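**Student:** Given the structure of chain A, go ahead and fit chain B onto it with the hints provided.
Protein chains: 2
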Amino acid sequence: MKIGILTIGNELMSGRIADTNSSFIAREISLQGWQVEIVMSVGDNFAAIKSRLHDLLTLTDAVICTGGLGPTADDITTTAMARAFDLPLFTDEAVLQGIKDRFAKYHFQWIENNAKQAVFPRGAEVIVNPVGTAPGFALQVRGKLVFVIPGVPSETQRMLPEGVIPILRRHFPQPVGHTLKQTIKTFGLGEGAVDKKLVDVNFEDLGVSVGFYPVFPENHIVLIARSDSREQAKKNLQKAQDEVTARLSDFIFSYGEQTLEEIIAAELTEKKLTLAVAESCTGGLIANRLTDVSGSSVYFERGLVTYSNEAKISMLNVPADIIEKHGAVCEETARLMAEGVRKISETDLGLSSTGIAGPTGGSKEKPVGTVYVALADGNQTVCRHHAFHWDRKRNKLVSSEVALMMLKNYLQDKA
Amino acid sequence: MKIGILTIGNELMSGRIADTNSSFIAREISLQGWQVEIVMSVGDNFAAIKSRLHDLLTLTDAVICTGGLGPTADDITTTAMARAFDLPLFTDEAVLQGIKDRFAKYHFQWIENNAKQAVFPRGAEVIVNPVGTAPGFALQVRGKLVFVIPGVPSETQRMLPEGVIPILRRHFPQPVGHTLKQTIKTFGLGEGAVDKKLVDVNFEDLGVSVGFYPVFPENHIVLIARSDSREQAKKNLQKAQDEVTARLSDFIFSYGEQTLEEIIAAELTEKKLTLAVAESCTGGLIANRLTDVSGSSVYFERGLVTYSNEAKISMLNVPADIIEKHGAVCEETARLMAEGVRKISETDLGLSSTGIAGPTGGSKEKPVGTVYVALADGNQTVCRHHAFHWDRKRNKLVSSEVALMMLKNYLQDKA
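Heads up: the sequence lines are chains A and B, in that order.
At the far end of the first sequence sits residue 414, using numbering that gives the first Met the number 0, and the numbering has no gaps.
At the far end of the second sequence sits residue 414, using numbering that gives the first Met the number 0, and the numbering has no gaps.
Chain A with its partners taken away, still in its complex shape (with noise of 0.2 Å):
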């Protein structure tokens, strides 16, 4: 089934706000296994909804607006559906006695233009709101349905799942199929390197949809399965996951929806281990990330930004010589960057980051973009040393990504 979306006010048009349900229904309506065909926004203007509602409906078997059914003179969307499809209007006296009591309860003013909420077409279907006090309401019209539902997010996130869908499901009941999906999260290879990997890959023959998001540093892959059973469907995800498997191991970190973090997060509160950070270049991003996941502080114990080389000297004891000899940017700095907070902090493992994030301090030798970062756990330090060439911010994010992926390989392969 393919559904269509129109999103429907002059502050969509004027950009003053974005617009979030678009993005929230097509999410919704794909988890049911239906098709987003198309969506659409227009501004509150008659001729803009009933054009753009036609064109909807021959492009889709149902359609789905939100916004504009406040009680302000600008909001049409009401009367604007009733002159698309040529129907009256309506009061629907049980609906505007709720409206009324709402208002009493909530201690309210009462002004007359409220009742134009409990105003509908002919033949709608009355979609409760559970949190605001404008219904919404469903059409058929010419054998497709159209849903009309508040634009307030908090509104449309409760009446989609709850009034919406289960109309949809009510005309639409016959199995459209199953659908299943999987995100594969990599780390090191470009967004054309990994397309480049998988281009011998028959995505289409097993039924499966691919698409690759890049969000920095990562490169997601998102393969979504389509069949009538779903036995079908999970068979087509599972080998089509084998193939990116196949080809793309040495970069994948997760399957799933999981953050780096949260990895990081789950490995350290299992091993029951504990964590320090000693960071220079990534100036407290690794300690921001680690602490974004909630119940860091069973593992994570401190983080020290030492951005002075007097503060790595004095807090982590890193002897001035080995500066004065090889600079704060070094190996042997990283090393004894990552010991020195391990032991002071008496954690089980020390992370460490030194490095210049540019766009200035760098040198011939250490250009910018110039990064170490190392990992201690007592027995043993592992230092590795990266050359980076984004800007200052995104030199810091893939530094952070660096020791973070360094720590979760280190965890996973712990015994």
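Since the hints were made in silico from the structure, they are not lab data.
Heads up, a few of these hints could be off.
Which copy is meant is left open, because identical chains are indistinguishable; a pair holds if it fits in one copy or across any two.
Unchecked claim - In the SDA-like style, the derived pairs of lysine to any residue whose C-alpha atoms are separated by at most 25 Å in a straight line are:
1. 195 x 97
2. 365 x 392
3. 392 x 186
4. 180 x 389
5. 271 x 157
6. 99 x 386
7. 270 x 383
8. 413 x 385
9. 1 x 54
Given the structure is predicted, the values throughout are model-derived calculations rather than measurements.
**Tutor:** Below, chain B alone, put in the same frame as chain A:
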């Protein structure tokens, strides 16, 4: 002039990615005084792209398309444009060389499918991409204009103002001569509240258009004045700015494009002051934001993410009995953290945060979102309590904002 927007990508149909480009483009176009008539989104599908393009060209004078210009197999926009308008494709050798040079410069391995990004429909005017590999292009068809730029938001945000709008201006020169812009950044009021405070200002009579850009947790206001004379535009812009200032002065922190951390950087550098930070609930985010500014090593000495109580006690000399008695989240701890980090770092200033980012860890007395931030200068220590109600990441973000805001106000109040 009427403009249509067409965003292209399967990820928009599946709802995997929210379409933020549409609202950005709509805002920028509105600020130019042009009218966005309709926004559409379709998947990476030849037939859909072609049909929607034809629909849009019927309704508007120019169409701005984003997405589907990457190197991968599902990036079909360029070919779809060529097919829609029956134009042959050609490789622009200069653009190809530019892409190859970019790969060489950054030491990326050249992969042949990147050459796709140098292919254009005949007659295309290339639009330079200053922040990525895929250029965009403009086509003239049926006396109308079609623009295609990449869908990566950071690229759209550069290429629209720098590439698309100048070409639009060339084709649709405005009768009025001068355009002046002023960004005003606010913090502390929601978008709706900002709007409400300005509702009685008649920007139209002042010849000024106004746009609202929520950039969590800030709200930015953009004023654009247009007039035949530069003097008049300047006068109108100043008048509009005065009206905004009169209503929002308590919440304005910047007139211009500078970020909060850049304002702080300028103040600290000018006043030759140094800073150290001790963070708990913000988990490194304050340090990360401060070090996003190039040259921050001049004033940022170190940051400590003292996540555990032990770290607060051993590194910052917060007495154990204070934490025992009042907990780690309290005014006393915040003050002692700011004083402690200032002292051990031997800096002029110490800034701290402690709180409960959530979603767990709250109690009846100290619910999730309770945050204390403190600033110590050796003579006095100021501390402020806040109660936020966001999710974990946004609680961290708004906490870093109030800490930095406190620092900024201190620096600007200082003679």
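**Student:** Now, for every hint given, state plainly whether the structure supports it.
**Tutor:** We went through each hint and held it up to the structure:
1. 195 x 97: Between copies only: 21 Å across chains, 49 Å inside a chain, cut-off 25 Å.
2. 365 x 392: within (18 Å within a copy, 35 Å between copies)
3. 392 x 186: both (17 Å within a copy, 23 Å between copies)
4. 180 x 389: neither (32 Å within a copy, 29 Å between copies)
5. 271 x 157: Close neither inside one copy (34 Å) nor across copies (46 Å); limit 25 Å.
6. 99 x 386: Intra 52 Å, inter 19 Å, cutoff 25 Å: inter-copy only.
7. 270 x 383: within (24 Å within a copy, 39 Å between copies)
8. 413 x 385: within (24 Å within a copy, 42 Å between copies)
9. 1 x 54: The answer is both: 13 Å in one copy and 19 Å across copies each meet 25 Å.
When each numbered hint is compared with the structure, violations occur for hints 4 and 5.
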